[in-house]
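Letter by letter, the chains look like this.
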Amino acid sequence: MDLVVLEEIKRLKYRYLRGVDLKLWDEVADTFTVDATADYGTHAVGGDGKKFEGREAILEFLTTSLGNGIITVHHAGQPEIEVDGDTATGRWSFTDKVIVPDHKVIIEGAAFYEDTYRRDADGAWRMSHIGYVRTYESMLSWEGNPGFRLLANRWAVPA
Amino acid sequence: MDLVVLEEIKRLKYRYLRGVDLKLWDEVADTFTVDATADYGTHAVGGDGKKFEGREAILEFLTTSLGNGIITVHHAGQPEIEVDGDTATGRWSFTDKVIVPDHKVIIEGAAFYEDTYRRDADGAWRMSHIGYVRTYESMLSWEGNPGFRLLANRWAVPA
Amino acid sequence: MDLVVLEEIKRLKYRYLRGVDLKLWDEVADTFTVDATADYGTHAVGGDGKKFEGREAILEFLTTSLGNGIITVHHAGQPEIEVDGDTATGRWSFTDKVIVPDHKVIIEGAAFYEDTYRRDADGAWRMSHIGYVRTYESMLSWEGNPGFRLLANRWAVPA
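Protein chains in written order, with my numbering: chain F, 1 to 159; chain A, 160 to 318; chain Z, 319 to 477.
Same shape as in the complex, but just chain F:
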C-alpha cells in the first residue's frame, strides 16, 4: 500500500472540493486531466444526470452554473482508493448543500462518488473521471417561512 500516493489523491479531491465551493476555477481546472469526463448525477434540474467530456466542457458547466448567486457546500469523506501504477479508482461518500438566496431555496443531497485518477506526465495526480449516483436529493423553499433566516453569505455583494 503506497500511503504517499493515497495522500496525494485525497489531497487532489480536497483541492477540487474547496475550489468548487470557493469558486477558484483555475485551481479546479488543474484537478482534471485534459480528457476528463464527468457525470454529475444531480436530479434537481431534471434529466438523468449531467454528462460532460473534456476538462473544458466540465469547467464551462461549473463556471456558468455556480456564480455568486449560488452558495455551495460539497463534502466528501470515507475514501476507498485503489492504486494500480499510474491510475487509480476512488469511492467516496458525498453530501452537498446548495443555497440559492434569490429563490429562497435549499437543495440537499447525498451520493457515492466513483472516480478514476491518473498520474500525468508532470507527476501530478488528476481526476480522469468524476461521477456519482444519488442516494437522495431534496429541496426546501423557505418562502413564507419567517422562522428561517440567512445570516451570512460569503458571496453577497454589499448593498
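There are no misleading hints in this set.
Distance windows between CB atoms, simulated:
no., chain 1, residue 1, chain 2, residue 2, range
1, Z, A442, F, H103, 46 to 56 angstroms
2, F, V4, A, N304, 45 to 55 angstroms
3, Z, T405, F, T116, 34 to 44 angstroms
4, A, D281, Z, D440, 38 to 48 angstroms
Part of the chain Z face toward chain A, derived, beta carbon under 8 angstroms:
no., residue
5, R336
6, L468
7, N471
8, R472
Simulated pairs of lysine to aspartate or glutamate, EDC-like, Cα-Cα distance not exceeding 16 angstroms:
no., chain 1, residue 1, chain 2, residue 2
9, A, K169, F, E82
10, A, K169, F, E7
11, F, K10, Z, E398
12, Z, K328, Z, E398
13, Z, K415, A, E267
14, F, K10, Z, E400
15, Z, K328, F, E7
16, A, K169, Z, E325
17, F, K97, Z, E426
18, F, K10, Z, E325
19, Z, K328, A, E239
Worth flagging that the hints you see were computed from the coordinates, not collected in a lab. Note that CB positions come from ideal geometry on N, CA and C, so glycine has one too.
Got chain F; can you put chains A and Z on it based on the hints?
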C-alpha cells in the same frame, strides 16, 4: 505508529458505512467479527439504545430495519484510532440522516462512535464492537409543508 | 512527505473538535499553544467574528459560550496540511450545527479553516492559530412548528 494498519481500519469503517447506505448486506456482514456486539444508541424508536450480540443478530436487525422504504446517510469522520497488536479501539464523529418517504419524516442526529477492532485469523481487521452515544437526535415531519420536496430517491420503485 | 506528522496534526484537530462537542475543556485547552490566537468567524451573534489572544482567552470564550444549554456538532474534513519543520499550516472544510433547545433555534453553517500548528518543546503538536471564514450561516426557529421534535439531547438534565 503503524500507518498501514490505521488505513486498513479506516477502510473497514468506510466499507461498513457504504454497505449500510447502499444495502449491501454481504459486504456489511464481512465487516464484523462473528462474536461482534453492537450498541446502536438511537432514541428515535424509544428505549436506551439497541443492543445486539453476534454478527448474525446485528445483521438481522440491520436488514429488517433498513429496507427499501428507508433512505439512510451515515457519515463518520475524525478518526482517533489506537492500535495494540491485533486489537484496536477507534473513536469517530458520526452523523446520520434517515428519510422515510412514506411517513414524510426525516430523522437527523450526531454521536461519537466508540468501537473496538480485531485482526482475525485471515489477516483482515473487523469490528468486534460498534457503539455510540447520541449527542442529539431530531425528527422533522414535512406533512403539510408544501415547501419540501423529495427530488430523488435511489430506492424508489418506478411506478 | 512526513505521513506520521500529518496523522499527528489530524489527530490534534479531531481531539479539539471532539472536546468542544463533548465539553471536555481540559482536553481542549491542551490542543492550543499558550500563545494561540483564534478568529471564530461566526456571524450569528453579530460583528465580524470573534477574535481572541492566548489559550486562556480562547478557553474563557468557549467555556462561557458552550454550556449545557447548547448542543454543538462541529465537523472538519478534507485536510490540506503543509509541514515545514516544527510548524505547519492546515486548511479544512468545516460545518457546524448549534442547537439551543430553550430558544427552539438551530444555527447551521459552513466555512474553511485556515489554521497554523506548532510542535512544542514537549514534542506535541498544538494549534497556534485557529480561524475560519464563513461560506454561509443560517438560523431556523422551530417555534410554532409542530412538525419538529428534539428526540435526544446528551446535555438535558433529567426532570
